[in-house]
Each structure stands twice: as structure tokens, then as C-alpha cells.
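Colleague: Residues per chain are reported as follows:
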Amino acid sequence: MAAAAATGAPGAAEELLRVEGLHVTYPTAAGPLPAVRDVSFTVARGEVLGLVGESGSGKSTVLTALMRMLPRGAETRADVLRFAGQDLSRMNERAVRQLRGRRIGLVPQRPMTSLSPVTPVRAQLRRLTGLDDNRIDELLTSVGLAGVTSRLNDYPFQFSGGQLQRMLIAVAVLAREPELVLADEPTTTLDATVQAQILRLLVDLKDRLGNSVVFVSHDLAVVAQICDRVGVMYGGQLVELAPTAELFARPRHPYTQALLNAMPARHARGERLRAIPGTVSGSHRLPGCGFAPRCERADELCHRVVPEPRVLSLSVARCHHMEEAE
Amino acid sequence: MSATTTPVAAATVELQELVKHFPVKGRRRRGGPAPVVHAVDGVSLQVGPGESLAIVGESGCGKSTVAKVLVGLLEPTSGLARVAGHDVRPVTVRDPAARRRVQLVSQSPWSALNRAKTIRHIVTQPLQVHGLAPDRAAREARAVELLRLVGLPAEYLDRRPRDISGGELQRVTIARALAGEPQVLVLDEPTASLDVSVKAILVNLLADLRAELGLSYVLITHELDIARHLADRVAVMYLGKFVEVGAAADVFSHPAHPYTRSLLAAAPSELRIGELPQAPLVGEVPSAVDVPSGCRFHTRCPFATAQCREQVPEPQPAPGGTTVSCLRLDALAATNWTIEEKTDD
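Residue numbers (our numbering), protein chains in the order written: chain A, 85 to 410; chain B, 1202 to 1546.
Don't read these hints as lab results, they were simulated from the structure. Note that CB positions come from ideal geometry on N, CA and C, so glycine has one too. One or more of the hints may lead you astray.
Incomplete in silico selection of chain A near chain B, CB under 7 Å [as the list claims (entries may be wrong)]:
| hint | residue |
| --- | --- |
| 1 | G246 |
| 2 | A305 |
| 3 | A346 |
| 4 | P348 |
Construct all of the structure, not just a fragment, from the sequences and the given hints.
Modeller: What follows is the structure, given as C-alpha cells:
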């Protein structure tokens, strides 16, 4: 896995998911809003791919599109959307349902709002997994929840966020052992010590079951800890994709560089943080590179022409000037 | 536990043995005492003029309760809370002078501001309430000045909260808090709901404002990085008590209490690529209703002994310079645990 992760496009390990030229457009009062624009990536079996970006960058929309769960009215277009040899984009709803939960699992962001507040947890786990009580207890024990199996007739509010998230991971990952797990900011609402436990659980399960994970997060530090490769999203585009160590050591895209430089951990105490001037809003209306208005390196070409993804060493980035960086 | 480094007379914010318990409904056991949530259980601290103190800890440790007591939103069960030499008076009591001394900046600017009003209304209302500007023109001028302080252009006065981004909105809440010229800002998770790039802007702004206006900060946060950048001193809170207090540099580079160490180790760092914390803390924070006996951290502490289950630790100075409540401090001092403070670039 590590060897495959070292190359930008994993060739050695078997490919599980291939996304090419994914576009998603939401209808809004102000006209169609392109939330995801021309996003391409692959995920190998057993690989953890991170997608990072700020709010509105389109990272969650990519996941939702993969689950084929976008709201009505959203328009999805893709050149290739292939999961384990099957064309996801052409599948009918019934076939997609066969995949959801069974072959593609989803770990949601807020465990509390993903469960019904008025149904005891055991009934919900039964319904979600289709398993009997003994098997449910076994599953929960294997995610470190042996202590709560005696009170599963309680309601979700009677459990902590960490406990609920473990339950949902048991449901999403262990119950059916899906080949692909989509995790949408699964630790964002949790405390640091619990977050560390949940991340360890996801990684341990992956090592045991060999599933792949697409891990969406706004937190670069979390992504650094568990992902083999990382994609950085900005204004609906994947602006950079690289093996994790490479991305942090040699970020190629100016946005990635700015994002890393803005992290408080990169600054000595009391030193001013390097913020990114301007905002992302409106970047989809620009004729050229969406980051150009905020970029120090931008020139006339950047404002005019959208950069295509190009390979540099181990990274793929959308920047006209990626060779000049450092 | 005391966080004493500044003399009493000079303290802008002072808490003495502050206790805040909340009654629990429907859990009364026959014969036993009425059950309560021990949100804050004997916390003392002092913040000097122009000083910034961060209270860090996980959710449910009581840090936000401290914030609410300081601004008068909650009345303490016992103990003393003073701001600028005056006892904090509950917001239900009409006392404009007390309101002006301390102001709150809360976590979510979306719920802190009236969505139907313009930014002009939001920022000028405190001026009007406190009679800080004689007429409309003076209020307008002051509003522009307040927006300039937080780095927003004057044309934002005519906008409404829905027209501007989260980071800008948080700056509006800071401008509003500054309108009454407070001595103390209580910042309750001011950056938690913001993106990385916006967070950086806000951290810089808060640092500038403190330098420019000589404000004292009580910063409540679970983001250790934010505390490291904005605080002179840090208090680490666990289940209603401070377990470690000290200068920010000491707490972050020579943490002594096992909980502080676990918290620092659990915080993800992009400097450790592909590495998860080796021994993450087991379990979660116990219930604040039935708090553990003795040292409250003993149920999760890797160093706990039988004594820790019985004896409540008193604060004492640790070799690293911090003040620590731990019975096993001597044993822990032997385990070397220094974190490299990042100093380059």
C-alpha cells in the first residue's frame, strides 16, 4: 500500500474507484452554481485518500455524488465514474441501493443527527445492519463499546458523541465490510482525545479488512495523520493531489502553500499568522484560475486560462506556475 | 486551584473558589443528596490588565460555564467572580456600568447577531444603550471607527448578516463587543466555526486589538494552537477543576499533568505525517454528575494509583514552571516529556 501511495496514480495496487471529469451543479435562486468542477482522482484498494478544503470547496459534494445521494435538481456529469468495474453514473436507483451500505459505507459528520432521536439505539442498529442482537453486540465490542451493549435500549441522546460515532463506524465499516468507506468529517464534532481514538479505529479496521477510505476533512493535520494521498479542493476544483508526505514537504499549488502557511502550528508563539487575503466567493465565474485573485504568483495567463492538471514529480496540480514554487 | 502570578490589587478578572452546580431533574435518589452537575467545582484565577488567559479542555469540562459566569449570564453557586474590582452582577439586574466592563464574543456569529438588522444597527445599538455618542452623526462616526478596528470597510454598515461571510460576521461581533469600551473580552471559542485561512485572520486581529486597546482576554477554547498563539497563560480544565496552570510557553513545552500531556499528544499535528498518537487516552470524560473520587482524572490516567482514587490533589509547583494538581508529580517528573517549541520560520 505504501509503495502504491508513493506514486501519484497508484498503478501497483488494484484500482477500486476511478473518477474522471466529475461536475456537479446545484440550482440556486441566482442561477446554476457549479459546486464541483472537473474533478478526477482514483482510489486503490486499501488506500486512504484525503480530500481537504475549506467550507464550500465542494469536498462533501464529491462524496455525496459518489453515493448518488445529491438532492433533486442537482446535475451530475462525469466522463468516468467507475467503482469496482461498474459504471456508477449509469446505474439505476435500484442497483445503487445494492451498493450503498453493502459495498460503499458512509460515516457521517454528526452522529447525533444521523440517528433518529426517538428510536432506541438497538432498534436502529438492527434496522441499519439487518443483524441479530448477538451479532450487534459482537460488532460493538470489536469497536471498543463492550461497555454500552447493556444499555442499547437507550436513546441516542443518552450516549456521548464518541460512542455514537463508534456505533456508526461499526455499522458502516464492520457490519457489511464494504470495499469503500466514505467518511465525511467524521471527527469534526469530537474532542481531540476522542478524535484520536476514532481515527485509530478507522485505521485499524482498514488494516484488518483491507477496505479503501475517502476521508473528507477541513483539518490538514488530521489528514496528515491517516491518509496515503491527499487532494486539496478549492472553489469546486481539485487543485492538487499528491502523496501525503510530498504534499506537506513540497506543496506545488499556491493555495496548498497558503493553507499550510496559515496553520497556527507552523508559526512560533506570538508570530503573526500568514492569512490568505481575499475570499473564494465568485471564483467559479472567473474565466481563468479560480485562485488567481488571491495568488501572489498570478499573471495575465492565470486570469485568462484555466490551468489543466499537470504532473510534477509525485504531484498533480492545477497551476500554470507550479514549477516556479518553493 | 490558583493561577496566581499577578498581585490581587492589579487583577482585572478574579475568580475565587468559583463553584457552579446545575440541579439534575428527575434523578433524585431516596435519602441521598440532590444530584447536581458539577460544571465548575472550585476554580480560582486572576487575569491582569492587558493579560490574556486561555482556558483549554474538552467539551463538558466547564470552561464555557466559567465564561458565562464572568459575563453575568449565570450566577455562581458559591465563590467569587470579580471584574475590574466589582462583583459580577447577573444580566437580569440593570447595571449598564457592569455590562460595559466585560463583553462576550461567542462561538457562532450566526446565532449571536440579529439577522433582520443591518450591521449599522448591530454596532450602534450598544452606543445608544450606554449613551456613548451624543447624536446620530457621532454614532455613525464611531461605528465606522469600530469596523475599521476589526478591519472591515465602512460600506459594510448597510449590509445584513446574511450578506457577509462567517469570518467577517465574527469580526462584527467583536466590533459590537468593543463598542462599550470594555476592559475584558471573554472569547468563547471565537474561531471554532471558521475555516483555516479565516481563523488566521481572526487570530491576528485578536492579537492586534489586545496590543492596541490594552484589553484583557479570557479565551475559552479547545484548539490548543489558538491558545498557544493568543494566551500569556493557560489553564487546563478537566471536569470542573483546573489541573494545570502556567505560562503558555511552559504548559505547551513542559506539560506536567498527565491530562495536559494526553491532550497535547492527542492534538493532530501536520508535523507528524502518517503517525497517530501512540497511546491515546482511553475512554471519555466521566459524568459530571457522579464525579470520580479523589483525583478526577484517575479513571483515565495511565499513572493512577490507589492513592489517586482517594486523595484530592492540591495544586503545587512543578519543575517545568507550571502549577499542577497531581499526586504523582514526583514520579512523573522522572518521565521526560518535553515538546519542541517551533521557533524557526
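Colleague: It remains to establish, for every hint, whether it holds in the given structure.
Modeller: Status of each hint after checking the structure:
Evaluation of the A/G246 hint against chain B yields a held restraint, the C-beta minimum of about 5 Å falling below 7 Å. For A/A305, the interface hint holds, since its Cβ comes within 7 Å of a Cβ in chain B; the closest pair sits about 4 Å apart. Among the interface hints, the one on A/A346 holds; its C-beta lies about 4 Å from the nearest C-beta in chain B, closer than the 7 Å criterion. With a least beta-carbon distance of about 4 Å to chain B, the hint placing A/P348 at the interface is held under the 7 Å criterion.
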